[in-house]
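Enquirer: Please put together the full structure from these sequences, using the hints given.
Residue numbers (this note's numbering), protein chains in the order written: chain A, 1 to 360; chain B, 1 to 285; chain C, 1 to 295.
Don't read these hints as lab results, they were simulated from the structure. Any given hint could turn out to be false.
[Unchecked claim] The calculated lysine to aspartate or glutamate pairs, modelled on EDC-like cross-linking and capped at a C-alpha distance of 20 Å, are: (1) B:Lys101 with A:Glu198; (2) B:Lys175 with A:Glu198; (3) C:Lys269 with A:Glu307; (4) B:Lys214 with B:Asp226; (5) B:Lys175 with A:Glu307; (6) C:Lys188 with A:Asp243; (7) B:Lys101 with B:Asp61; (8) B:Lys214 with B:Glu246; (9) A:Lys9 with B:Asp173.
Computed from a prediction, not measured in an experiment: that's the story for all the values here.
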Amino acid sequence: MILAWAKKKWSWLAVAALIIFLALVPFKWFLGQYTSIMIFVGISTMITVGLCMLMGYTGQVSLGQAAFYGLGAYFSAVLSKTHGLNPWLAMVIAAIATGTFAYIIGYPIFRLRGNYLAMATLGIGLIMWTLFNQMVQFTGGPDGMSGIPYLSIGGFSFDTSFKRYFLVWFFCLAILFLSQNIVRSRTGRALRAIHGNEAAAESLGINVTQFKVKIFVLSAVYASLAGSLFAHHLRHVSPQSFDFLASVKLVVMAVIGGLASIWGAIFGAGTTRFLSDEVLLGFNKFPQLDIIIYGLILMLVMILMPEGLFVAIKSGTMWLKINWRDLPAIMKRMKKDFPEQVKYFLSRLPLARLWRKTEP
Amino acid sequence: MSGPILETKNLIKAFGGLVAVDNVDIAIETGRITAIIGPNGAGKTSLFNLIAGVYRPTSGDIIFNGNSLRYAPWYAKAVPPQMKQHKLFKNRLHHHAPAHKRTALGIARTFQHVNLFGNMTVLENIMTGQHPRSKYGFFAAALRLPKARHEEEMINLNAMKYLNMVGLGKHADQKSLSLPLGQQKLLAIARALATEPKLILLDEPGAGLNALEKRELSELIRRIRDMGITVVLVEHDMPLVMGIAEWIIVLDSGMKIAEGTAAQVQKDKKVIAAYLGEETDDAED
Amino acid sequence: MSADQFVQYLMSGLTQGSIYALIGLGFTIIYSVTQIINFAQGEFVMLGGMLSYVLAVEAGLPVPLALIIAILIAAGVGALMYILAIRTARRASVISLIIITIGAAIFIRGIAGNQFGVNAVSPTPFTGRGSISFLGAYIEPQALWIIGITFLVTILLYLFLSHTMVGKALRACAVNPEAASLVGINTKAMALIAFIIAAAIGGIGGVVIAPMAMASYGMGVMLGLKGFVAAAVGGFMSPIATVIGGIMLGIIESLAVGFNWGPFTSAYKDVIALVVLLLILLIRSGKLAAAERAA
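Expert: Right under this line is the structure:
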């Protein structure tokens, strides 16, 4: 009986178990040494959720999410340190500014019927990074800014990692729950409809372009909030944290977590973070290994499990879904096709005319 | 209400040199079942797409419920009246209401190729149809405000109602693509009905159905008409059309060549000539 | 700014723009035949440049041989990328393919950084250094090579596409892949050929620019972006517009730095490309929206 109830409510149980686990992590007798890493996982998860939703529902990739992350961080830093504004107010202003920026770029891009978001966001990421580096009077240039104040409520200041851990995960879980509510609502249905069949969605009164822009703005706002929390955690921001590699890592997190997946984002952020920190640093002698692995992950996951690693595992059929049955057929075809295609290609070269002339 | 629910005036649609819809004037009477027929390539689906807002007219106007579906953009006011006819401005001063706005106004449509949302269940497909008739947005959804929860219940109830109307009630939680084609088409119609339209455009609803399913389809169409919704269908199956259509418009090569009741159209010489070689035996029955 | 300086900036813009044009052609070819935006395009340029250095300077091969081998390897990588990564992802959605090309780009860059190190390298220019006087400006001989080879490649490509069977088959795939396969064109082979040509052109670009602008494992990102802008001008379908777009971008960049417009110091030079891109997208979306209204 309990088993049947458990099976039905297993997702609630899983989430509850996750929350309990997360609440215990920063304690020394549990996993306290990972507190710092887990803070970053929480921050990354916030950005990743937005990215997962963006990629899952608009079908386009953002290669510049770190730009919004950086904007949030720098806005918070500048407003709270240089101008002495209340950090919470600064966070809100940063989110609004970043969201507005995303709206301005988003509209022309999503109106176009092509896949321009990837390059446009790549460019924006590069521009932002350049600006962070060059506008020394605002941002402190390549060395960045220090001395950013802690967040505090009343007299209670978030001055230890322990306290900030709970702050960050509070925000992170809040965003996850909010996102889940959105997906299960009328808005979420509209988004899934767009994902399913755009023409039909449009015929049901759904303004496809507007929804795509909204999701883009939402992902930017999430990233901005994450950036603000980042600034008040490290108390120092510098452009290196927001370069192209950062955006790539975020895409890797989203791909592992699953496009259009919400809770998968934690999985994606967590595994990528642990991969980069624990595993790859160990292979210090092999330069660029991290980029090579990221590239491999992106390719392999998209070829074998396009809906994302987490989603494939979650449906319990990951091993089936890897189309193992396809693999021998693919290999056979490759073995057969490759020489044929090369032969075809060579035969079309002008030089080949010479070859053929000498044959009877 | 008086007057036709939908009219087109001098509607022209050209794709480069090819004129798909050539100066078509039609009027759809409210509450009637109208069929648009014609040989292949006559421009029937193009006409549908124009009415639904998928294509923009090259010129001409479409009037729904007495209001034109054209509107002037905000910058039109800046152009002095004398300049409005000038080549630079002529085609830029009217915007045509986009498809999603027309659905909100009350025009619904189905597609030749069904176009279901494969990533959703049967019921969710119909609930999506309730989108233009519900209001709660991002914030209410994110915070699960009582307003949102209440509207969700209404949407759920309404969706079940439409689902039961087409007889698919017990399939509510199945994946939409697991249904056989005939039922998928019914689902698509129910989904369009969920937008609570005044006018519904059915694009070849009978394609791919067997005789029994076609009879049920005719029944369904009559029930839709009895609900007060005006039905317009494009169809190739002549017995089906002649059986339910109260008014028939015949197109050929982008032009309207005849219209009238089933009996009148069957005897029309131009119609017979257009169909020569196809289905003429129906005219002799 | 004097007339001489103006011509100087113009020429350097033309040189730089030629490279953008070449990269843009690579994007355009692949997109028009397969509807895929190949993010690894910039990496083919990087491979051409790095390999020409490694083969000629480090391995000591005679320069013409090194260049040819570098280009062939770049083309080979393009072919491998298509066969291993793109073709195996059957039935993949557009976003999957884009992510796959991004993954391939990063992978190639990582391997290059691993094998060749992170430092910038400078292969020797084809006909030595020096200054040739031209209309009051001084340009390096390498610049003439760049412009000349770009011109040559563009013409050869044009002839190939319009006068050979394969070229026409490629164009057929670009216009309507289904119809092309129905008349017996092997669309998969065409896609392979498109990738090989795009990679080869990218490799050629890398080989000619490296002696002048140095090569490093990370040069692909920026160059890819600028080539993308060039291709965007042509809507990814028109090679001629792509070439024009690339050259214009190069000239605008150069003049902006030369005239010192506003904040456009050389650090901001790259920002121009993105501004141009956004402008193009804005204009196109405006034109597209207007076309939709008429369409």
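Enquirer: Please go over all the hints and tell whether each is borne out by the structure.
Expert: Do the hints match the structure? See the list:
{"no.": "1", "hint": "B:Lys101 with A:Glu198", "in the structure": "holds, 15 Å"}
{"no.": "2", "hint": "B:Lys175 with A:Glu198", "in the structure": "holds, 18 Å"}
{"no.": "3", "hint": "C:Lys269 with A:Glu307", "in the structure": "violated, 39 Å"}
{"no.": "4", "hint": "B:Lys214 with B:Asp226", "in the structure": "holds, 18 Å"}
{"no.": "5", "hint": "B:Lys175 with A:Glu307", "in the structure": "holds, 18 Å"}
{"no.": "6", "hint": "C:Lys188 with A:Asp243", "in the structure": "violated, 36 Å"}
{"no.": "7", "hint": "B:Lys101 with B:Asp61", "in the structure": "holds, 16 Å"}
{"no.": "8", "hint": "B:Lys214 with B:Glu246", "in the structure": "holds, 17 Å"}
{"no.": "9", "hint": "A:Lys9 with B:Asp173", "in the structure": "holds, 18 Å"}
In terms of the numbered hints stated before, the structure departs from hints 3, 6, listed from lowest to highest.
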